[in-house]
Amino acid sequence: MFSGTAILRSSELIIALWQFFDSVEVRATVSEDFVEKVWLNGYLLDREEAKISVFDHGLVCGDGVFETIGVYGGVAFALNKHLERLQRSAAGIGLPSLDLKLISGGAMALLLANRCIDCKLRITVT
Numbered sequence: 000m001f002s003g004t005a006i007l008r009s010s011e012l013i014i015a016l017w018q019f020f021d022s023v024e025v026r027a028t029v030s031e032d033f034v035e036k037v038w039l040n041g042y043l044l045d046r047e048e049a050k051i052s053v054f055d056h057g058l059v060c061g062d063g064v065f066e067t068i069g070v071y072g073g074v075a076f077a078l079n080k081h082l083e084r085l086q087r088s089a090a091g092i093g094l095p096s097l098d099l100k101l102i103s104g105g106a107m108a109l110l111l112a113n114r115c116i117d118c119k120l121r122i123t124v125t
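Take the sequence shown: its position 42, counted from the start at 1, is 41 in numbering that gives the first Met the number 0, and no numbers get skipped.
Keep in mind that the hints were calculated from the coordinates and are not lab data. Beta carbons are placed, not taken as given, at the ideal position from N, Cα and C, and that holds for glycine. There's no promise every hint is true.
[What the hints assert, rightly or not] Think about it this way: if two alpha-carbon atoms lie no more than 25 Å apart in a straight line, the pair counts; the simulated DSS-like pairs of lysine-lysine are: (1) LYS119 x LYS100; (2) LYS100 x LYS50; (3) LYS80 x LYS100; (4) LYS119 x LYS50; (5) LYS80 x LYS119.
[To be verified] FRET-style restraints, in silico, Cβ to Cβ: (6) ARG87 x GLU47: 32 to 38 Å; (7) ILE51 x SER88: 16 to 22 Å; (8) LEU101 x ILE51: 16 to 22 Å.
Work the whole structure out from these sequences, hints included.
See below:
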């Protein structure tokens, strides 16, 4: 799920978090209590408010791109490099150019809102 200014074709961008527990990744389905907020289509929402349309191109056609980024001490590791790769991947499957400043700002807002110190940040574009 993403911001409407960044993606076309009723596409969406989701940024989600998974917390580290003893250096083992805990998936979102297991760590739902950790995630209070999500960033969806340019908005920071309570997780219960976040909805993806059944007509989302990624769900209908099965295409999309994602990056998973380690967050250590509250800092997203190599965020710009991950976003550049996300941009290349999106272009590679024919998605429109992404607004990387918007995504970066959304990622930072999400980390702050969830008080994430050591976790994983996943950015998904469909």
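We went through each hint and held it up to the structure:
Proposed proximity of LYS119 and LYS100 is supported: the alpha carbons are some 19 Å apart, at most 25 Å. This hinted pair checks out: LYS100 and LYS50 have alpha carbons roughly 23 Å apart, not beyond 25 Å. A threshold of 25 Å between alpha carbons decides the hint, and for LYS80 with LYS100 the separation of about 13 Å falls inside it, so the pair holds. Distance check on the hinted pair: LYS119 and LYS50 sit about 21 Å apart at the alpha-carbon level, within 25 Å; holds.
A distance of roughly 16 Å separates the Cα atoms of LYS80 and LYS119; the hinted pair therefore holds under the 25 Å criterion. Between ARG87 and GLU47 the Cβ separation comes to about 34 Å, which falls inside the hinted range of 32 to 38 Å. Taken as a hint, the range 16 to 22 Å holds for the pair ILE51 and SER88, whose Cβ atoms sit roughly 20 Å apart. The hint said 16 to 22 Å for the Cβ distance between LEU101 and ILE51, and at roughly 19 Å that hint holds.
Of the numbered hints listed earlier, not one is contradicted by the structure.
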